[in-house]
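Asks: Listed here are the chains, written in short residue letters.
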Amino acid sequence: MSTKKQLVIAVTALNNIDSPGPGIPVIRALRDCDDFEMRIIGLSYESLEPGIYMKDLVDKTYQIPYPSAGTEMLLSRLLAINDIEKIDLIIPNFDAELYNFIKISDKLKDAGMATFLPTLDQLDARDKINLFSFGKKHDFKVPEDKTIYSVDKILDAVNDFEFPIVVKGKYYEATVAYTIEQAEKSFHRLNAKWGLPVIIQQFISGSEINVAALGDGKGNMISAVPMRKLYITDKGKAWAGITLQDESLIELARRFIAATKWKGGFELEIMRTKEGDPYIMEVNPRFPAWIYLTAASGQNQPAALVKMALGENVVPYKTYEVGKMFIRYSWDLITNIDQFQQISAFGEL
Amino acid sequence: MLKLKFAMKLKSNIATSESGFVFNPATGDSFSSNPVAAEILLLLKDNNSLKEIKQIILSRYEVESSQVEKDLDDFLTHLKENNLLEL
Chain A
-1 MSTKKQLVIA
9 VTALNNIDSP
19 GPGIPVIRAL
29 RDCDDFEMRI
39 IGLSYESLEP
49 GIYMKDLVDK
59 TYQIPYPSAG
69 TEMLLSRLLA
79 INDIEKIDLI
89 IPNFDAELYN
99 FIKISDKLKD
109 AGMATFLPTL
119 DQLDARDKIN
129 LFSFGKKHDF
139 KVPEDKTIYS
149 VDKILDAVND
159 FEFPIVVKGK
169 YYEATVAYTI
179 EQAEKSFHRL
189 NAKWGLPVII
199 QQFISGSEIN
209 VAALGDGKGN
219 MISAVPMRKL
229 YITDKGKAWA
239 GITLQDESLI
249 ELARRFIAAT
259 KWKGGFELEI
269 MRTKEGDPYI
279 MEVNPRFPAW
289 IYLTAASGQN
299 QPAALVKMAL
309 GENVVPYKTY
319 EVGKMFIRYS
329 WDLITNIDQF
339 QQISAFGEL
Chain B
-18 MLKLKFAMKL
-8 KSNIATSESG
2 FVFNPATGDS
12 FSSNPVAAEI
22 LLLLKDNNSL
32 KEIKQIILSR
42 YEVESSQVEK
52 DLDDFLTHLK
62 ENNLLEL
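So the protein sequences, as listed, match chains A and B. Anchor point for the first sequence: position 144 equals 142 in my numbering, and the numbering is continuous, going up by one each time. Anchor point for the second sequence: position 17 equals -2 in my numbering, and the numbering is continuous, going up by one each time.
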């Protein structure tokens, strides 16, 4: 019989589609870790999230209420799932659900379910709406932006920045607008999809680099792996990417963690200008969808998070393999209507 | 006399292969080069001087000395433009 620790880990964001959520890559990284045995519980929002049907990765999936249903609904559902599954740890991976999970994290803990999440203050500090002032306070280069609540305010913002400008949704998506008409169109689309406010940001041209990192909540960096997107989809998602050797990017992540005492995984989206200046374009408060590359290059961030969440002392990673690549692909998973029916009608599979 | 516009040392972290593939781990950029350029890259990597490289190329190929100089100069310009040389 195995003497390894047996863990039940619940993971969200099973939407492993063309614009993928991080759930499946997180699970894949966890499965790579030999230090514990695990049962993976998927937490889904919709019946067609591919991860629900990936039985080699996800042992069982339960549907949970949308973030808009509020914390009480979420807590009650998670407690009910916990009665069956005895969950050790939950790893939420969507920006939009983090607020609720953080709010109920103490109650989850009381019920035996650990999390390893930033505080609400940390979450707010890196919010798109506050990022510029955050950068100013801690001496990070961040593009200037304007938060607007009505379409006619675009004109004011445009007076401050030259075209092109970047129009960003509250939670996700950004488009580059070259004219006022394009900016207005983007505003309406992003408002309809993600709500207000919409952010108008100064356009910075350069090379797009991302850093996946993990903080221990005490100001120490456990891991940081920089990656350059080699191919980008029309939704701005990486189709292929490669790990980079650049101490300045790792130092940037270290400074971010020291400044925020960030707890958990996050992603820095950086634009490095021709002059070499790294601008922080966005800070995503959770693991990115390319997180498996960290495990493949020698720094298994999801596994390190699990260990920290369970109270183990984790030694910071020192090295990773430079030039490790990922290339994303699509694959038609075949299943039967009874499986779809099961998750749709009963909320579990 | 070969006129060098730039220093000719490849950045130390640049990876090259015999097939002519070049990878810059700091930027993620990669390049393919033709067989002669691949030879020159390996010679640069081995810290040969430009004069030595010229002589080696002349000994291996039937080519005018002035042509080698011109091509080497062009090639180094490419390397510089792609941020592969030590400044």
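Don't read these hints as lab results, they were simulated from the structure. Careful, some of the hints might be misleading.
Unchecked claim - Simulated pairs of lysine-lysine, BS3-like, Cα-Cα distance not exceeding 25 angstroms:
hint, chain 1, residue 1, chain 2, residue 2
1, B, K(-10), A, K272
2, B, K(-8), A, K227
3, B, K(-8), A, K316
4, A, K272, A, K134
5, A, K134, A, K168
As the list claims (entries may be wrong) - Non-contacting residues of chain B with respect to chain A, defined by C-beta distances greater than 12 angstroms in every case (computed):
hint, residue
6, E(-1)
7, N5
8, D10
9, I37
10, I38
11, S47
12, V49
13, E50
14, L66
Said to hold, decoys possible - If you only want the chain B side, here are some residues facing chain A, beta carbon under 10 angstroms, derived:
hint, residue
15, G1
16, S11
17, F12
18, S13
19, N15
20, P16
21, A18
22, A19
Owing to the predicted nature of the structure, the values given are computational and were not obtained by experimental measurement. Just so it is clear, CB atoms sit at the ideal spot from N, CA and C, and this is done for glycine as well.
Asks: Hint by hint, which ones does this structure get wrong, listed from lowest number up?
Replies: Structure breaks hints 7, 8, 15, 17, 18, 19, 20, 21, 22.
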